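J.: Read off the chains here:
There are 2 protein chains.
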Amino acid sequence: MKQIEAFRSLVKKQKAYEYAMAIVGWDSETEAPKGAFNRRSEMQGVLSSEYFKLVTHPETIEIIETLFAQKDVLDPMLSREVQKAKKALDKIIKIPESEFIDYQKLLVIAQRTWEEAKAQSNYDLFKDTLAKIVAYNKKFVHYFQPDEHPYNVMLDDYEEGMSMRDYDQFFDQLKRDLVPFVKEVIEAAKDVRRDFVFLKYKEADQYRFCDYLIDELGFDRNHGLMKKSVHPFTWNTSPDDVRFTTRYMEDYGLSSIYSVIHELGHALYEQHIDTVWDDTLLTQGTSMGIHESQSRLFENTFGRSRAFWERHFPKFASIFPEQTKNIRLEDMYMAVNHVEASLIRVEADELTYSLHIIIRYEIERQLMNGEISCDDLPRIWNEKMVEYLGIEPKDDAEGVLQDVHWSGGMIGYFPTYALGSAYAAQFYHVMQKELPIDDLIREGSFDQINQWLKEKIHRHGSSKSPRELLIDVTGKDFDPEEYITYLKNKYTKLYLE
Amino acid sequence: MKQIEAFRSLVKKQKAYEYAMAIVGWDSETEAPKGAFNRRSEMQGVLSSEYFKLVTHPETIEIIETLFAQKDVLDPMLSREVQKAKKALDKIIKIPESEFIDYQKLLVIAQRTWEEAKAQSNYDLFKDTLAKIVAYNKKFVHYFQPDEHPYNVMLDDYEEGMSMRDYDQFFDQLKRDLVPFVKEVIEAAKDVRRDFVFLKYKEADQYRFCDYLIDELGFDRNHGLMKKSVHPFTWNTSPDDVRFTTRYMEDYGLSSIYSVIHELGHALYEQHIDTVWDDTLLTQGTSMGIHESQSRLFENTFGRSRAFWERHFPKFASIFPEQTKNIRLEDMYMAVNHVEASLIRVEADELTYSLHIIIRYEIERQLMNGEISCDDLPRIWNEKMVEYLGIEPKDDAEGVLQDVHWSGGMIGYFPTYALGSAYAAQFYHVMQKELPIDDLIREGSFDQINQWLKEKIHRHGSSKSPRELLIDVTGKDFDPEEYITYLKNKYTKLYLE
Chain L
0 MKQIEAFRSL
10 VKKQKAYEYA
20 MAIVGWDSET
30 EAPKGAFNRR
40 SEMQGVLSSE
50 YFKLVTHPET
60 IEIIETLFAQ
70 KDVLDPMLSR
80 EVQKAKKALD
90 KIIKIPESEF
100 IDYQKLLVIA
110 QRTWEEAKAQ
120 SNYDLFKDTL
130 AKIVAYNKKF
140 VHYFQPDEHP
150 YNVMLDDYEE
160 GMSMRDYDQF
170 FDQLKRDLVP
180 FVKEVIEAAK
190 DVRRDFVFLK
200 YKEADQYRFC
210 DYLIDELGFD
220 RNHGLMKKSV
230 HPFTWNTSPD
240 DVRFTTRYME
250 DYGLSSIYSV
260 IHELGHALYE
270 QHIDTVWDDT
280 LLTQGTSMGI
290 HESQSRLFEN
300 TFGRSRAFWE
310 RHFPKFASIF
320 PEQTKNIRLE
330 DMYMAVNHVE
340 ASLIRVEADE
350 LTYSLHIIIR
360 YEIERQLMNG
370 EISCDDLPRI
380 WNEKMVEYLG
390 IEPKDDAEGV
400 LQDVHWSGGM
410 IGYFPTYALG
420 SAYAAQFYHV
430 MQKELPIDDL
440 IREGSFDQIN
450 QWLKEKIHRH
460 GSSKSPRELL
470 IDVTGKDFDP
480 EEYITYLKNK
490 YTKLYLE
Chain Z
0 MKQIEAFRSL
10 VKKQKAYEYA
20 MAIVGWDSET
30 EAPKGAFNRR
40 SEMQGVLSSE
50 YFKLVTHPET
60 IEIIETLFAQ
70 KDVLDPMLSR
80 EVQKAKKALD
90 KIIKIPESEF
100 IDYQKLLVIA
110 QRTWEEAKAQ
120 SNYDLFKDTL
130 AKIVAYNKKF
140 VHYFQPDEHP
150 YNVMLDDYEE
160 GMSMRDYDQF
170 FDQLKRDLVP
180 FVKEVIEAAK
190 DVRRDFVFLK
200 YKEADQYRFC
210 DYLIDELGFD
220 RNHGLMKKSV
230 HPFTWNTSPD
240 DVRFTTRYME
250 DYGLSSIYSV
260 IHELGHALYE
270 QHIDTVWDDT
280 LLTQGTSMGI
290 HESQSRLFEN
300 TFGRSRAFWE
310 RHFPKFASIF
320 PEQTKNIRLE
330 DMYMAVNHVE
340 ASLIRVEADE
350 LTYSLHIIIR
360 YEIERQLMNG
370 EISCDDLPRI
380 WNEKMVEYLG
390 IEPKDDAEGV
400 LQDVHWSGGM
410 IGYFPTYALG
420 SAYAAQFYHV
430 MQKELPIDDL
440 IREGSFDQIN
450 QWLKEKIHRH
460 GSSKSPRELL
470 IDVTGKDFDP
480 EEYITYLKNK
490 YTKLYLE
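Chains as they are written, first to last, in numbering that gives the first Met the number 0: chain L, 0 to 496; chain Z, 0 to 496.
Hints should not be assumed to be uniformly reliable.
Note that the list lumps identical chains together, so a pair holds whenever it fits in one copy or between two copies.
Stated by the list, open to error - The list that follows gives simulated cross-link-like pairs (lysine to aspartate or glutamate, EDC-like), each with its CA atoms no further than 20 Å apart:
#1 K131 with E114
#2 K475 with E391
#3 K455 with D471
#4 K227 with D26
#5 K33 with D214
#6 K83 with E17
#7 K463 with E64
#8 K131 with D219
#9 K226 with D26
#10 K137 with D375
#11 K455 with E4
#12 K314 with E249
#13 K33 with D277
#14 K226 with E386
#15 K12 with E49
#16 K11 with E41
#17 K383 with E370
#18 K475 with E41
#19 K33 with D273
#20 K33 with E339
#21 K86 with E159
#22 K455 with E361
#23 K33 with D219
#24 K487 with E4
#25 K227 with E28
#26 K201 with E321
#27 K33 with D210
Hint data in this document are derived by calculation from the structure and do not stem from the laboratory.
The structure presented is a predicted model; accordingly, all values stated were derived computationally and were not measured.
One chain only, chain L, in its complex shape (with noise of 0.2 Å):
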C-alpha cells in the first residue's frame, strides 16, 4: 500500500513537470518570440534536468522495481501502469548517462544541419550526422533488449505489440494488390478539375470555413482551442486541455481544411478520454497507430465523403462565392479526391499516401539490419519512388531530405502512418454496421458518430493496448485487407466506373 501511495505521488509529480513542458512547447511552437529561443533553451535544459532526476531517482527506481515484482497480483489496470513506468525507467537508466547526453546533444545539432541540408537540398551534408543517430539508435535498443532485433525494438517503441513480421506482411500486400491499382486511377484521375482550389483563398475567410467545421464536427471549445502556427498539429496535457493548429496557404484553400479535419481527429481523441485516467500513466492515446487512425477517418473517410460536402458545400460557396462560381458540389468532391503521383509525403492523397510509407519503412529497415548504408539513401529513395509511384525527384530536398523525423532519432515511426489508415478502415466496416454514416454526415449529426467514437475508442485512453483495443473494438486482430478493399471501392467508384 506504502508503495503504491509512494507511486501515485511520483506520477502527480512527473505529470506536472511534463505539463509545465508540454506549456512551454505549446508557447513556443505557437507565439513565442523569435529572440526568446535561447533564454528558453536554458530554462528547459534546467527544467528537463530535474525532471530526468526525478524519474531517475534511486527511491524512483525502488518503487517501480517493487511494484513490479508483484505485477502479477495487482490490479490489472495498475499492472499495466506499472509495466509501462518499468519498461520507460529501462530505456532510460540502462543507458549510460555520458551517452544519453551526448545523444541529446547530437540530436540538437542534427536538427539544424537537417535544415541546412535540406535548405542547399544536399544531402552529403545531413549524411554523417544521420549515419551517427542510427548507430546511437542500434547500441541503445541493445543496451535495452540484447536479444531482439534492434529495429523490432523501435517498432515496438512506436507501437506497441508491431514488429517487422506485422509490417512486412502488411506491406508485402499493399504493394502486391495497390500498386497496379494506383497507377491506373491516377492515369484515370488526370483530368479531374482542379483550377478552382488554387485561386486566391484569404485567410481570414478560411479561419471562417474552419472556424464553422469545428462546431460542426463536436469539438468542445471550453476544454480545448485552434490556433495558428508553422506547422499543423495537436497538443493536449488533459482531456480538459486539447489544442491543436492549422497553417493557412492562401493559393491552396484545402490546406488548411483538411489539416483540421485531420487534427480534430487527434484532438477529438484526446477530448473523449475518461478523466479517471488523469493522474495516471493511462491517458492520452493508446498509440501512434490507433491515433492517427482517428485522424484519417476524420480527414479521408469523413472529410472527403460525398456526404461531407453535401451538408458543407453550401457554407463553403457562401465564404467563396467567387472561388466556386460556376462550382458544382461534384467538382468539389472530385478535386478533394483527387489522385496523382507526387513527390512529397505530407502533400500526398489518400490513395498514394501508404506508398510514401513503404519506401521509408524498407529504407529502415534495411539500414537498421546494416543492408545499406547512409552513403545509399539518395539513390535508393529515388529508385523506389519510381518503382512504386513512377517519378522521380529532381533533388534531395524532395526526395530523401523532406521529413524531419530522422534528424529527431525518431526511426520507426513512419509506418504507423500507414497502419493508422488501416486501422481506420477496420473501424470503419464495424461503424458502417452499427450506424447509418453518411445520413449522419449529411444531416450534421456529428454526434452520435462522435459518441461511437467516444465510446468504443477513446474513452479508454492507454488502458487498453492498441491489438486489445482493435479487437475488442472489431471482434478481429490486424487485417490490411479492410483498408485495402475500401479504397479500392472508393477509388474505382470515383474512377474507374
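For chain L, the structure is supplied; the task is to place chain Z on it using the hints.
T.: Showing chain Z alone in chain L's frame:
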C-alpha cells in the same frame, strides 16, 4: 567558492521553476480554455509545492545562511543578491507551514468571495474574509520583524526603503497642495469636448493604431509581443521575452491606446535590463514604484503631451476618419487631458489619480494600526471620497469593493502607484535638462528617449535599490515637490490660464 557555486546553481533552478510557472500563468491569462481551470490548478499546486520544497530545503537554507554570514566581504552585487535571498527565505521559514498553507487557501476563497461581493455590490459578504486577511498579515509580519510596525514591514515589502514616515509626508503634502487645486481644475474642465471619444471605435482599427504605436515607441518585437486579455498587464521572464496585453472597448477607443502606452512603459523597462543579470536575483525592475514611474512617464508625461498628438494625430485620424471629422489636434489634446472627479481608480485621470491612492493608504494604515475595523470600511471610504474628490459612491461595487488587491492579501501595494507618478516627475525633471523631449516626441525619435532611460534606469535591473537609483539619476532623494510642480504647471496651463 563552493558555496557560491551552489548558490548560483540554486538560483538557476529557482529561475527555471519561476519560468515554467510564468509561462503557465501567461497561458492561463491570455488563452487557455476555461474548462482547463481545475486541472491547471492541480498541476500548479504540485509545481508550487516542488518550488517550495526547493526554496526551503535544508541545503538551500545552509547555502544562504553561510553566504549571508560573509555578506560584508562578498562582491557587492553578490552580497546584494544574498541579502535579497536571505530576506525572502526569512519571510517563508519563519511562518509555521500549516499557517502558510491555511493562508494560501484563504486567498483562493477570498478571490471568489470578493468577486461575488463585488458582483452583488455587498461588502458584508466580504467583510469577515478581509478581516482574516488583515489578521494573518499582522501575524506574519510579526514573525518576520517583531519589533517593527506591521504596516512598515508591508510597505517595505512592496517598495524597499519606504515607510509610513515617508508616505505620511508625501501624502500630507499632496493633500495640502493638491486637493484645492484639483477642485479648481475640475470646475474649469467641465466643458471640454469629449463626445467624439465615446463614438464607436472598432476593435480591429484600435488594434491597428496600437500596433503602429508600439513600433513608434520602440518596442522590440523580436523579444516580445502584444496580445489581448481581460485586464491589461505586462509579463516577462527575462529581457529576451517581455509581453504585454491590452483590452479593447469599442465605446471608448482611448482605453486600449492608453493601456498600451502604459504597459509599454513597463515592457521597455524589462526589455532594456542588462542580460548580465539573467541568472541572478538582480534582474527585473527594482521595485513596484520605479516600475510604475516608467509606465506613468509613458502614459501621462509622454503619451498625453501635445507633442505626442502632433506626431500621431494624423495617423489616428487616418484610421478613424469618421470619428475625427471636424476634430482638431487641440480637441484631441484636451480630451486626453480631461479632469473630473470620478469613482473608479483605474479610470481616473492623471491629476485626480493620487487622491484615490491617498484614500486607500489612509485606510490601510489605520487598519494595520487597529484604529479602525473592517466593519467601518464602506463608511470611511465614502466619507473620504467626499472629502478629497467631492463625490460619493452610490454602492460598494463602485466604492470599497472596486479593487482586487486586498482580496489577494496585497496590503501596502497601493501607495507605490502614487509614488511611481512622483518618481516619474523627478526623472522627467532631469531628462528635460538633458534632452529636447518634446522635439524628439514630435519627430518620432523615441530612440534617444529610450536610450536615456535604458542607460540611466533600465539596464540596472535590481542591482540598485529604488532609492539608490533615484539618487544616482536625479542627484537627490525622494521629493514630492517636483510632482506637485509638474501637475500644477501642466494643468494650470491647460485649464486656468
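J.: State whether the alpha carbon distance between K314 and E249 is at most 20 Å within one copy, between copies, both, or neither.
T.: Answer is within: at 19 Å inside a copy they meet the 20 Å cutoff, but 29 Å across does not.
J.: Is it within a copy, between copies, both, or neither that the alpha carbon of K226 lies no farther than 20 Å from that of D26?
T.: Cα proximity of K226 and D26: in one copy and across copies (11 Å, 13 Å).
J.: One pair to classify: K455 and E4, alpha carbons no more than 20 Å apart. Within, between, both, or neither?
T.: neither (31 Å within a copy, 55 Å between copies)
J.: My question is about K33 and D214: at a cut-off of 20 Å on alpha-carbon distance, are they close within one copy, between copies, both, or neither?
T.: Answer is between: at 17 Å across copies they meet the 20 Å cutoff, but 32 Å inside does not.
J.: Please sort K201 with E321 into within, between, both or neither, judging by C-alpha distance up to 20 Å.
T.: For K201 and E321, only the intra-copy Cα distance (12 Å) is at most 20 Å; the inter-copy one is 27 Å.
J.: Using 20 Å as the alpha carbon limit, work out where K33 and D273 are close: within a copy, between copies, both or neither.
T.: The answer is between: 19 Å across copies meets 20 Å, while 37 Å in one copy does not.
J.: Quick one: K33 to D219, C-alpha cut-off 20 Å, is that within a copy, between copies, both, or neither?
T.: Answer is between: at 11 Å across copies they meet the 20 Å cutoff, but 31 Å inside does not.
J.: For the identical chains here, do K227 and E28 meet the 20 Å Cα criterion within one copy, between copies, both, or neither?
T.: Result: close both inside a copy and across copies, 9 Å intra and 19 Å inter.
J.: With 20 Å as the alpha-carbon cut-off, assign the pair K475 and E41 to within, between, both or neither.
T.: neither (49 Å within a copy, 40 Å between copies)
J.: Is it within a copy, between copies, both, or neither that the alpha carbon of K226 lies no farther than 20 Å from that of E386?
T.: neither (39 Å within a copy, 51 Å between copies)
J.: Given a CA cutoff of 20 Å, do K463 and E64 count as a within-copy pair, a between-copy pair, both, or neither?
T.: neither (22 Å within a copy, 52 Å between copies)
J.: When Cα atoms must be at most 20 Å apart, do K33 and E339 count as within-copy, between-copy, both, or neither?
T.: Result: close neither inside a copy nor across copies, 38 Å intra and 43 Å inter.
Of the numbered hints listed earlier, those contradicted by the structure are 2, 7, 8, 11, 14, 18, 20, 22 and 24.
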